[in-house]
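Enquirer: Sequence:
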Amino acid sequence: MSFDGVLLLVPAFNEEGAIASVVREVQELHPGLHILVVDDCSKDATVNTAQTAGAAVLSLPCHLGLGGCVQAGYKLAFDLGYRTVVRIDGDGQHNPQDIPRLLETLERTGCEVVIGVRCKESGGLQTHPIRKIGIHFFRLLLRPILGRSVSDPTSGFVAVNHRALAVFATSFPLEYPEIETLVVLQRRQFRFEEVPCRMRRRMAGKSTITAVRSFYYVIHVLLGVFINVLRFDGRPRGKRTGG
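First residue of the sequence shown: 186, per our numbering; consecutive thereafter.
If you are wondering where the hints come from, they were derived from the structure by calculation, not from laboratory data.
Keep in mind that this is a model prediction, so the values were computed, not measured.
We put the beta carbon where it would ideally sit given N, CA and C, even for glycine.
Any given hint might turn out to be false.
Restraint-style ranges between C-beta atoms, simulated for each label pair [claimed, not checked]: (1) Leu359 - Phe322: 16 to 24 Å; (2) Ser187 - Asp264: 17 to 25 Å; (3) Asp229 - Arg385: 17 to 25 Å.
Given only the sequences and the hints, what does the whole structure look like? Please build it.
Expert: Okay, structure coming up:
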């Protein structure tokens, strides 16, 4: 498969235990795919480890959070002329073998975004019960807003084409962006598709989402979703144009 014009974006924060394995696995599976690790002001050796493994690294001067980290990567990709960006997490949970499937779906359907989703049928790792509850809750919340169901609204395994990249390079939810992004896509009349993927356990470290942060996450995302809905409701919506 050709990876001309494609960039792999890997946001990372304190992932020194996993990032080298992630980079090397991608290099072995997909030679020629450009890899950019965006380091969100890590306090460990993430930057040196990623560079030693062979990835290009964008080091942020201060901690921006996931959304700011991802947007910095999108902006650089757009400025450098990339046409397509695939985002995977730096902890190794996303299987690089599935990258071509996301890209093929992006090309075949003509949609702006393809999301790799975890599901029982894919044979992948099943998620924590608390996360399952959250996923189910946001499914119900998003169904009337999007006008369609979404399997895993919290997935960070995402491929975007040049139309979505142009938008995300200038405007992107700054914290816990995945769910808010779906609302932005719908309001801009962009389309997204889902591809079942094999998710794995993180290779090292631990999630930053604690019980307290889970509560904050829900409140923050709810506010973000409703703000996005109110921001676009009542405004003229232009016709979708081809890229």
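Enquirer: Would you mind marking each hint as holding or not holding in the structure?
Expert: Verification of the hints:
| no. | hint | result |
| --- | --- | --- |
| 1 | Leu359 - Phe322: 16 to 24 Å | holds (22 Å) |
| 2 | Ser187 - Asp264: 17 to 25 Å | holds (22 Å) |
| 3 | Asp229 - Arg385: 17 to 25 Å | holds (21 Å) |
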